[in-house]
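Could you put the whole structure together from the sequences, leaning on the hints where they help?
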Amino acid sequence: MQQAPLLLLFLPLLGFLINGLGYGFLRRKVVAWIGCSTVGGALALTLVLFAHSLTTDEPLRLQLFDWIKAGTLHVAFGLLTDRLTLVMLLVITGVGFLIHVYSVGYMWDDVGFGKFFAFLNLFVFFMLLLVLADSFLVMFIGWEGVGLCSYLLIGFWWKNHEYTAAANKAFIMNRIGDLGFLLALFLMFRTFGSTQYDVVFQKASAFVADDPTLVAITMLLFVGAIGKSAQIPLYTWLPDAMAGPTPVSALIHAATMVTAGVYLVVRAHVLYALAPTTLTVILWIGTATALWAALIALTQDDIKKVLAYSTVSQLGYMFAAAGSLAFVTSMFHLVTHAFFKALLFLGAGSVIHALHHEQNMRNMGGLRALLPVTFGTMVVGTLAISGAPPLAGFFSKDEILLAVSDRSVVAFLLLAVTALLTSVYMFRLLFLVFYGSCRTAPHQREKIHEASAIMRWPLLVLAALSAIGGFLGLPALFGNVHALSGYLHPIFVVNPRLVPHEHAHAFEIFIMCLSVALVVLAAYLTYRRYHLRPVERSVAIPAMPRWYRWSYYKFYVDELYNSLIVRPAEWLGDYFQRRFEPRTLDAVVEGTGRFAQRLGQMLTGLQTGSVAAYLLWMMGSLIALLWYALFKS
Amino acid sequence: MLSFIILLPLIAALMVLVVPQGYCRRVSWVSAWMALALVVAGAPGLAEVLGLTWRAELAWMDALGVRIRLDNDGLSYLLVLLTALLYPLSLWAVPASSVRKPRLYDALLLFTQAPLFGVFLARDALIFYIFYELALIPIFFLVAFWGTDPSRRITMKFFIYTLAGSLFLFVAILYLYLQTPQPHSFAFDTLYALPLTAEQQALLFAALFFAFAVKIPIFPFHTWQPDTYTAAPLGGSILLAGIMLKMGIYGLMRLAVPVIPSALEHWGWLAMVLCIAGTLYGSLVALRQTDLKRLVAYSSLAHVGLIAAGVLTANSSGWQGAALQMFNHGIIVFALFFSVDLLERRYGTRQLNQLGGVAAHMRHFSWMFALVLLASVGLPLTNGFVGEVLLLNGLFQYHTTAAVFAGLAVVLSVAYMLRWYRLVFFGAAHQEPKTDVRPAEAVALSVCLVLILVIGIYPLPWLQMTEQVTSQLLSIMHHPTAVKP
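Chains as they are written, first to last, in our numbering: chain A, 1 to 633; chain B, 1 to 485.
Just to be clear, a hint being listed does not mean it is correct.
Stretch-level coverage of chain B by chain A, calculated; a stretch enters the list once three of its residues show a Cβ under 8 angstroms from a Cβ in chain A [said to hold, decoys possible]:
| # | region |
| --- | --- |
| 1 | 211–218 |
| 2 | 281–295 |
| 3 | 308–318 |
| 4 | 415–423 |
| 5 | 452–461 |
A short list of chain B residues far from chain A (calculated; beta carbon distances all over 10 angstroms) [to be verified]:
| # | residue |
| --- | --- |
| 6 | Leu2 |
| 7 | Trp33 |
| 8 | Thr53 |
| 9 | Arg103 |
| 10 | Phe385 |
| 11 | Asn393 |
I should point out that these hints are in silico values taken from the structure, not numbers from a laboratory. Where a beta carbon is used, it is the ideal one built from N, C-alpha and C, also for glycine.
Here's what the structure looks like:
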C-alpha cells in the first residue's frame, strides 16, 4: 500500500516510454493496449487507494529523495496521497481512462497514432505528479509538465500553421502564469523556509489574517491558477487550444489540466482562508470570467469553441466558490464538470468524426436520427451542465450559488444570469446540431454514421456519471448526506476558518426553483430562435446587432493583447536590433576605436625623424615642468 | 599533480603540427579523451581514492612573489569538467574532412584548451591573467581564418574589444598586488585578505566588472558578441559561448566579488541593472532574429546575463545556481550551435523564413532538438530548470523586482524558442526531403540529452560539488578580515 502511489505514478510514464520509443514500429493495437492499460492500471490502483482511504484519515506519505539542496533552499521529492489527492486521482484516472479508450476509435486512422498515445500518457503522468506532490515545488514540476503536454497535443497536427500558433500561445500564456507561481515559491522559501505543504500550512497558521506576505503568496499562486485555468485576463489561449484533437480537448482542456488551478487554490486552502483580500479577488475574477465567457459562447458557430468558452465559464464558477470559502463546493463542481464536460467534448468529437472534421454548427443540423447514441448522451450532458434536476450540474451549481450568496449578492445575481446564459448556449448547440434540417453537403450526408462501439461506451459511461454524479453532494435539505463533504472532512477540519454556513431551507428551495425556471426559460428561448426559425448556413455578421458582433468577435481581446503587448514587444526587438544596437551602442564602441586611431595618427605626426624637432619638444617640456615645479610651492 | 593536465593539450598541439597529416585528428582525439579521463579521475571523491591531487605550487618569479599556484575545488572542477567534456564533442562535431587546413585547426583548438584549464585552476592572479589572455590568441585565429566571410573585421573588433577589457583586469590585478604587504604576492588568498577602503574598492569594482563584462558579455558591452558568434566556425562558436565566456563569470566569482565586498554592496545594484536589462534586451532581440545563429547568440546573451546577475546577488542560492547554470549553459549552447550547423549543412541555409516542416523529414532530430529547447527554456526535470530556479531564487532574495524582471526574460525565452521550433520544424515542408540525424550526429546530441536529463532529474551531486566552495568564497566576502587560506 505504501508504494502504491509510486507505482500509480510511474505506470503512465512507462506507457509513454514504450509508446514513445516504439513509435514507428509498434502496431496500432499494441499501442492502444499499452496506452489504455497503463491508465487503466492507474485507475485500479486509485480504486485500491480509495478503498484504503475510507478506513483511515491518515494520508500516505512517501519520501523519495532530496531533489535540490542549495543554501537555504531544500526540496525533497515526496509524494502525499490524502483524500483531496484521491478525489483528483479518481477524476484523472477515471475520466482519463475513458478518454484513452475513446481515443483508440477517434485517432485510429491518424498517422500519428503512436505519438498521440505517448503524449497522452505523458500528460497523465505529469497530471498525477501534480496532484501527488507533497510540496508546491514538486507540484510545479507537474504543473509545467502538463503545460508541455498541452503544447505538444494542441500542435499535434503540426503541419497546420494556425494550430502550432495556438500551441505556442498556450505555452507562452501559461508561462506568464507560471512566473507568478514561481515567485510564490520563492516567497514561500523566504517566509517559511520550505514549500512542503505541511510545513507551510503549519507555519502559516501563526500569521494573522490578511498578513501582507500571505496575501502576496496567495495572489501569486492565483496568478499561476489564472494562467492554467484560463481566467481573465489569461483565458484567450484556451479557445485557441481547440486546435488539438477532440479527446485532448476533453481530457486536458476540460476535465483535468485546466482544473489544476482550482486544485491549487483548494490545496492551499489554509493560506487562502487567511487571506480574505485574495479571496475577494478570486471571487470577482471567477464571477467575471464566468459571465464574460458565457457571453462569448452565445454566438460562436464552432462547436468546440462553444464548449471551450463554456469550460472557461464553468472554471469561473469553481473559482467563485473557492473565493467564497466553499472549497468542497469548488471540488464538487470540479468533479461533476469533469463528467459532463468530458461527455460533451467526446460527444462533439463523435459529431466531428461522423462529419469528417466539420466543426461549424451551421453546417450540421438534423443529426438526431443519424447519431442516436451521441444525441442521447449529448442531451444528458446539456441538461447536466444547464442544471436540470436531478443531473450532476444541478446540485453542484446550486451549491455554488448558495455559497456565493453569502458573500455577495451582486456576484450571486451575475452567476445566476450566467446560469441562464449557460443553458441558452447549450440548448442552442443542441438545436443547431441535432434538430432542424440537415445542412451538410449532400454527398457527405450518406457517409454520416454513428461512432464505433469503442467510442460509444465511454460516452455512455460518462452520461451515466453526469446523470448521477450530483448525488455525491446532496443539499442539506435532504439531511446530512453530502458524501463528498463527508469524505473530504479530514482535509478541511484542520482549517478553523471554515465554518459551514447554515442556509434556510426556504432559500435552498428558492434557488432550486430558480435553477429549474432558468433552464426552462432558456430551453424555450432557444427553441423559438433556433428550432422554429430556419437556421442560415452563413450569417452576415456586419448586419447583426452590436452585442452580437462584439460577442462573435470575442470582444476583440486578442486584438487588444496584440496591439498592447505582442506588437510593442516586437517593435522593441526590431528597434533594438536595427537602430539602437548599430547606431548607438556600437557607434560608441567604434567611435572609441576610431578616436584611439585618430590619436595615434596625430601622435605619429610628432614622430618626424628630425632631431631638431625632438630637441625642441624636449626643451619645451623641460621648461614646462620646471615652471610647474617652481610655481607649485 | 593532476594540474599538469594543462600541459597535455599543449604537447598534443605541438604533436599535431609535426605528425603526418593522417594522424592529426587521431592525436587530437587521444589528447581530448585523455584530458577527459584525467578530469573524471580527478573528480571530488574519486581523486582521493585514487590518491591523485590537483594542488601544485611551482616557483617562477619568486622575487616578484609570482608562483604558479594551481588548485581545484568544486567550482573549478565543474568548469574544468565542462572544458574537458566539450572538447571531444566539438572535435566530433567538426570532422577533419570538413575543415580547411585541419592540421592547423586542430592545433589551435588544442592550444586553447590549455589556458582554459589554466584559468579555472589558477590560484594566483597573475597566472590567472596570463591564461586568460593566452586563451584569446588561438581563438582569434580560429575565428579569423575559419569563419565566414566578413570575419576579419569582426574578429579584429572582438580581439581589440576583449583585449581592452583585459587591460583593465591587468591594471586592477597590479593595483591589488601593490596593496599586498611585503613581500608582495599575487596569491588569491592574499588578495582576499586585503583591507581596502571603500573608494579603492569602488574603482577596482569598476575596472574588474568592465573587464569581465566585456568577456561575458554583459549589456551594453556585448556588441562584439553576436557578430563574432555568427561569423565563427562551429568549433569557434562552441568554444566562445560554451567555455570562454565562463572565464568572465568565473573571474567575477573568484577574483571580483570576494575582494571588493563593500563596493558590491554600494555599486552592485548598478551592475545588476545592466545584467537584468541585458537579459531582457537579449530576449527581445532574439524574438526578432531571422538568422538562427544570431538567435542563439542573443539568447546566450540573455542567459549569461542572468547567470552574472546570480553572481552579483552574492548569496548561496544565486551562486550555486550560477555555478550549475554555467555548466548547463555550456551543454545547451553546444547542442544549439550544433543543431543550427546540422540544419545549415542539410538545407544550405539557417534563415528562419527559408526553413520549414523539418519535422517531416527529420523525425529523430526533431524530438532531440525539442528536448534541448526545453532545457534552454528551463522546463522542470531538465538541467536548465534547476539552474534557473536557483538563480531566480537568489535574485528574489536580493531584490524582488530583480526576480520579476529576470522572470519576464524567462517567459520571453519560451516565446523566441517556440517561434524557432514552429517556423523551422512545423508547417509544410518547403524543401526536398533530407536525411535524418546520422548516428554520429546523434551521439553528440545524445551526450547532451543525457546530461540534460541526469542533472535535471537528480541535481544533488552537482549541487553538492559547489556547495562548499561557494559558501567559502561568500564567507570571505561577508567577513573580509576573518580569512585564512
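Hint check results:
1. Counting residues of the region 211–218 of chain B whose beta carbon lies closer than 8 angstroms to any beta carbon of chain A gives 0, which falls below the threshold of three, so the coverage claim is violated.
2. For the region 281–295 of chain B, the stated coverage by chain A is satisfied: 7 residues place a CB nearer than 8 angstroms to a CB of that chain, which reaches the threshold of 3.
3. Only residues whose beta carbon comes within less than 8 angstroms of a beta carbon in chain A count, and the region 308–318 of chain B has 3; three or more means the coverage holds.
4. Counting residues of the region 415–423 of chain B whose C-beta lies closer than 8 angstroms to any C-beta of chain A gives 4; at least three are required, and the coverage claim holds.
5. Here's how the region 452–461 of chain B fares: 3 of its residues keep a CB closer than 8 angstroms to some CB of chain A, so the rule of at least three is met and the hint holds.
6. Annotated as non-interface, Leu2(B) keeps its C-beta farther than 10 angstroms from every C-beta of chain A; the closest such distance is 27 angstroms.
7. Here Trp33(B) stays apart from chain A, with its beta-carbon at least about 29 angstroms from theirs, past the 10 angstroms limit.
8. Consistency note on Thr53(B): stated as away from chain A, and its beta-carbon is indeed over 10 angstroms from all of that chain's, at 27 angstroms minimum.
9. At roughly 34 angstroms, the least C-beta separation between Arg103(B) and chain A is larger than 10 angstroms, which holds for a residue marked as non-interface.
10. Phe385(B), annotated as away from the interface, has a beta carbon of chain A within 10 angstroms; the closest lies near 8 angstroms.
11. With 10 angstroms as the threshold on Cβ separation, the claim that Asn393(B) sits away from chain A is violated: the shortest Cβ distance comes to roughly 5 angstroms.
In terms of the numbered hints stated before, the structure departs from hints 1, 10 and 11, listed from lowest to highest.
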